[in-house]
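Everything in the sequence shown is counted per the working numbering, starting at 1 for the first residue and increasing by one.
Because the hints were derived from the structure by calculation, they are not lab data.
A virtual CB, placed ideally from N, CA and C, is assigned to each residue, including glycine.
Do not rely on the hints blindly, as some may be mistaken.
[To be verified] Pairs of lysine-lysine residues, derived as DSSO-like cross-links and limited to a Cα-Cα distance of at most 27 Å, are as follows:
no., residue 1, residue 2
1, LYS418, LYS447
2, LYS346, LYS371
3, LYS202, LYS65
4, LYS418, LYS139
5, LYS409, LYS447
6, LYS346, LYS244
7, LYS65, LYS447
8, LYS6, LYS139
9, LYS244, LYS65
10, LYS6, LYS202
11, LYS244, LYS409
12, LYS346, LYS139
13, LYS346, LYS418
[Stated by the list, open to error] Derived Cβ-Cβ restraints for the label pairs, each shown as a range:
no., residue 1, residue 2, range
14, THR343, ASP477, 24 to 32 Å
15, LEU518, GLY313, 18 to 26 Å
16, ASN454, PRO514, 42 to 50 Å
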Amino acid sequence: MELHGKNIIGFTESAEGSNTLSSYNPNLGIDIDPAFTEATSNEVDRAMQLAADAFPAFRRISAPKRAHFLDVAADEIDALGDAITERAHSETGLPEARLNGERGRTVNQIRMFANLIREGSWVDARIDHAVPDRAPAPKPDTRLMLQPTGPVVVFGASNFPLAFSVAGGDTASALAAGCPVVVKAHRSHMGTSELVGRAVQKAAKATGMPDGVFSLLQGRGSSVGSALVQHPTATAVGFTGSHKGGRELFNQATARPTPIPVYAEMGSLNPVFVLPGALEHDGEAIARGLHGSVTLGVGQLCTHPCLVFGIEGDFFNALRNVLGDLFTETAPATMLNAGIRDTYAKGTQTVAAVAGVDLVARSSADPDPEKTQGAAHIFSTGVATFLNSPDLSEEVFGPSSVLVNCGSKADMEAAARKLDGHLTATLHGTDEDMAEHADLIAILEQKVGRLIFNGFPTGVEVCASMHHGGPYPATTDGRSTSVGTAAIFRFTRLVCYQDFPQGSLPDELKDANPRGILRIVNGSHTRDAS
């Protein structure tokens, strides 16, 4: 499929502007054809207005038909085959095997949302029948369910060109909820974005969706992105990226005449606590697992562990020595783009400059700047330095981590209290360790969205029970997730119908329960008619 470099606005393509952008091959250090036309303010307005016009019809389309649209979109993305893998590899430097796996994850999560809405119980329907003879006042008939909010703006992520981008979890969950979507493509993979966007556009046409249910715009975040968030028809925003970018969008959205929610996932340190029993019995295996987790994807994952806490002594020293050897042997690798590579280099320099921090090891080979490479780093410090050095609580996005020597259980708990909000926290321990450190676990429950036992945070399972979120600053709303079926709730709001006639109610709230969904009727869960 030949790329056209145009913006996708509903069922048409548009290239009104004179400003163009090029994708960049980080492996070769060169720009890649074609040029992509940056969306103008008029094109932003057209895409958003078209989404607003599509919303009344799209929200009323039956769930089975909406699910069919999602299934066809997944099929079209899958059918891109080698073309999408090759383009994504050239734009990101990510290995083709990783990208093939990510494409599988992308289409599977789209189909997961199709199945969710096809079954239908996600709307959380609740019915309380009237009690007209109740004293001292009659009780009305009230019925409650989730309804879609309206047009959603989604920002593609740099590090997941498929699973967190044009047709990733944000877009899939918003479309499943009944919300039209306008996507701002990430500059790191504009060609990949176009290929996926055209697949979604094709699916929308083929399944009879309203024009404007999906659009894809190219451009700089500071201009196109801001215009999308501030457009009066936008009702919510999905974002995965840096804290600076997410917070800027959040500020813009809350400063609007009508504020809207921004569901921004903005990074995390993902602390790991290696408890004494595990350290003594499994230290080397834990070290090897940590090395793999820190360097996976060249450390460019929001769940990569940036901090590792352990009790100072021979066993923690042994773990540090194994990690030192492994990091020394780790070859520099190509990062997603020059900006990320440069930020990573500055981040490791900042950590190294903190008084009381030692460099344990780095990649023995020097990174090749022409291949946009970053070297792996492992540092070590004491808990007092960690507690008193704000720079050590800043995410370094890349293959590096800091070991923190704690003198006691109390030191570990003090370090945990010092943590900001994060996506994950990991504990390695025996059953006895876990019982002994119950207070540490209780602290971490207030700090993160996902707690992991004897595993590693990288690798986020896409399933109904997954939570990929956490307290601020990991996200702007720690109650929400961007992975798993609960992601759909971000783009909904509750609507209550009081004393409505049966014929005017949504099917999900009718007495006959024509969809056969699970509901709460007069306080009890049931699929029966009411």
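Results of checking the hints against the structure:
1. LYS418 <-> LYS447: holds, 10 Å
2. LYS346 <-> LYS371: holds, 18 Å
3. LYS202 <-> LYS65: holds, 15 Å
4. LYS418 <-> LYS139: violated, 50 Å
5. LYS409 <-> LYS447: Distance ~18 Å between LYS409 and LYS447 Cα, so the pair holds.
6. LYS346 <-> LYS244: Since the Cα atoms of LYS346 and LYS244 sit roughly 16 Å apart, the hinted pair holds (cutoff 27 Å).
7. LYS65 <-> LYS447: Roughly 40 Å between the alpha carbons, so the hint for LYS65 and LYS447 is violated.
8. LYS6 <-> LYS139: Since the Cα atoms of LYS6 and LYS139 sit roughly 57 Å apart, the hinted pair is violated (cutoff 27 Å).
9. LYS244 <-> LYS65: Between LYS244 and LYS65 the Cα gap is close to 39 Å, so the pair fails against 27 Å, i.e. violated.
10. LYS6 <-> LYS202: Holds, at roughly 15 Å.
11. LYS244 <-> LYS409: Outside the cut-off at roughly 34 Å; violated.
12. LYS346 <-> LYS139: violated, 64 Å
13. LYS346 <-> LYS418: holds, 24 Å
14. THR343 <-> ASP477: 24 to 32 Å: Given range 24 to 32 Å: holds, Cβ gap about 25 Å.
15. LEU518 <-> GLY313: 18 to 26 Å: Violated, at about 53 Å.
16. ASN454 <-> PRO514: 42 to 50 Å: holds, 47 Å
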